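*Asks:* Single-letter residue listing:
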Amino acid sequence: MSSAPGNDVIGAAPPGDAAGAAGAVLSVRDLSVEYIMEAGTVEAVDKVSFDVDPGEFIAIVGESGCGKSTLLFGIAQLLVPPAEITQGSVIFKGHNMVGLTDKQLASVRWKDLSVVMQSAMNALNPVKSIGAQFADAMQAHGVTDKAQIADRSAEVLKMVGIDPIHLSSYPHQLSGGMRQRSMIAMALLLTPDLVIMDEPTSALDVVAQRSLMAQIKELQERLGFAVIFVTHDMSLVSHFSDRLMVMYAGRVDEFGPTRQLFDSPLHPYTIGLMEAFPSIRGPKVPLTGIPGSPPDLARLPPGCRFAPRCPQVMTRCREESPGLYHVNGTLVRCFLHDQRGEVGE
Amino acid sequence: MTAETADGREGPGATPRDSTALLQTKGLTRHFRIGGMFSRSYLHAVDDFDISIGERQIIALAGESGSGKSTVARLLAKLYQPTSGEIYFQGKPLSAVRSRRDVLRYRGEVPMVFQDPFASFNPVFRVSHGVQRCLKLHRGELSAQQRQEEAERVFEAVGLTPAGDVLQRFPHELSGGQRQRVGFAQALALRPKLILADEPVSMLDVSIRIGLLNVMAQLRDEQGVSILYITHDLASARYVADRLIIMYAGRVAEQGPTEEVLASPRHPYTQLLLSAVPDPRAPLGVGAETDRGEPPKVIDPAPGCRFRWRCPLAIDECQRVTPELSPLAPDHEAACHVARSGAEVKAF
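In order, the protein sequences belong to chains A and Y. FYI, the numbering for the first sequence is 1 to 345, going by this note's numbering. FYI, the numbering for the second sequence is 1 to 348, going by this note's numbering.
There could be a bad hint or two in this list.
[Unchecked claim] Using 16 Å as the maximum straight-line C-alpha spacing, the simulated EDC-like pairs for lysine to aspartate or glutamate come out as follows:
1. A:Lys93 / A:Asp193
2. A:Lys47 / A:Asp30
3. A:Lys47 / Y:Asp331
4. A:Lys284 / Y:Asp242
5. A:Lys93 / A:Asp53
6. A:Lys111 / A:Asp193
7. A:Lys284 / A:Asp296
8. A:Lys217 / A:Asp242
9. A:Lys47 / A:Glu84
10. Y:Lys78 / Y:Glu55
11. A:Lys284 / Y:Asp279
12. A:Lys284 / Y:Asp102
Simulated from the structure, these hints should not be mistaken for lab results. Quick caveat: nothing in here was measured; it's all calculated off a predicted structure.
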């Protein structure tokens, strides 16, 4: 449907290498997810490719409806109809996760890959104590020794800064921050290689949010697991992620080292996002935000999907779809950075 | 509690009284009884809350969830009755506003805009329905023609153009940002003096938040409306507000001109909040990292500073005496024993 080349991936193996990049804990290749409904098909994720190295912290940012959560669910194989993976592969530790049965997935989940959801309130079982839920997850993966379960449960809870006495607490007895911390503790029970987090901090206050971020980062550096962190708040991850992916309308618009993206954003959308945050300390300047709103995925504009809102739009943008171009180690989907073609008008 | 608020707290510790203030609160207090039928426990949602809102002012009320900011908005909107204390609107006590006609008039002058633009509109009516109903109820003197003109005027004032076209849409045809603008347009149709906006942008995407903040500034500058902007986002408060009130556990921790409070915060809690704001343009501070605390649920409190459990500077006095708001600079007050003693406050 578009001219987007699928092989433009940072540090990726040559195209067609189904096993993914060597050394990566996760390789996502040309992953497309569609919502197939009677009224029509909506492509929520369009040929997204990237690799996650062991111990790496990757942040995915974008506005609501840009497909970031759908992408996460696609990676974790948690999609339910009408959403469906229509193309691409998700290679986790050398195995393609797409098309695995629930039973096969069950052996991977918690043990090698765990997911922390946005709302811990809904993710925890309200009628079971925290400890019982921890024990459940461990027993499902063959840990039956009661003492071992108790030891490990207390250990992970201590790791996230909660007194192990709360193993006997029920979710409603904990505050929002503590619930989210115990979800993270649970995700770490079986020392996974990859933890996927979907806005784990968005229900929290700034102070709690900030201390949780610092804690996630500290644990990640100490235990060496990789993180994919989805958020709508770009400034939240600015000091924590190694690489940052900006999604817009189902596609990767820009992907590169976090610091570089903040210091010299390339895509007009990324630039617009940066300028949409009022600063708390810098000079006070009038801001405009980005005019318009994100496109309806069922009625996408032809050409570049950001063209209708783009301050630097060219004639070409309204006709052709830009590919992902390499610029100094960053990938950017914008004709302004197309070195191969002519640079517009 | 009542004994403490009854004296009105005039004197050196009191809020500077502005006789021209649009709205003032004096010792505003609201407690909720919690627990079972025979429970005598009270949750102190708002205690001794003294603020003053002038004409053409945007006042930001900031604090963590559970700090009582929404309770304040509901008290000001007359949705809750205060447990004690008084609200003065244009110099007149609100407790005297009783008859249906007076309440209606007050609600027209002080309307509310809600947080969730997806839940606050009836999906089966066009957006013109809400505005028209407001106009019929509050401004019955207008003819149908005048109502339509007025609806178009307020829609244009909040940047919903072409107004005639947008008025005919259904809520689901509008984006979140547009819906929130409709909320402000409805409030504006009542010819308000003060709009109570409870987290009006927190549900919106970052790229459109700024647009709405700009609308708020425009309403102040062009329509002369004051706005109480309730938020937990200090950066947006700084962007749009003239004055900033920091609330903690039902009490005012610090208040003053926005720039001044943020440039030289005197209360340790304000400093903690500031250090937690993510700012990609600044290096990472360390304050919030060490803080594991949460705002306390204030149930039948003993005297003492409510921030003392989280405060690295807490002294003996903080355990025993509730700090009063005291002026530290012109028009800048904080409720902190350490700050009042003149010591340098550098908690976070």
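*Asks:* All hints, please: hold or fail.
*Replies:* Evaluated hints:
no.	hint	result
1	A:Lys93 / A:Asp193	9 Å, holds
2	A:Lys47 / A:Asp30	4 Å, holds
3	A:Lys47 / Y:Asp331	57 Å, violated
4	A:Lys284 / Y:Asp242	13 Å, holds
5	A:Lys93 / A:Asp53	11 Å, holds
6	A:Lys111 / A:Asp193	8 Å, holds
7	A:Lys284 / A:Asp296	33 Å, violated
8	A:Lys217 / A:Asp242	11 Å, holds
9	A:Lys47 / A:Glu84	13 Å, holds
10	Y:Lys78 / Y:Glu55	20 Å, violated
11	A:Lys284 / Y:Asp279	14 Å, holds
12	A:Lys284 / Y:Asp102	41 Å, violated
When the structure is compared with the earlier hints, violations turn up for hints 3, 7, 10, 12 and for no others.
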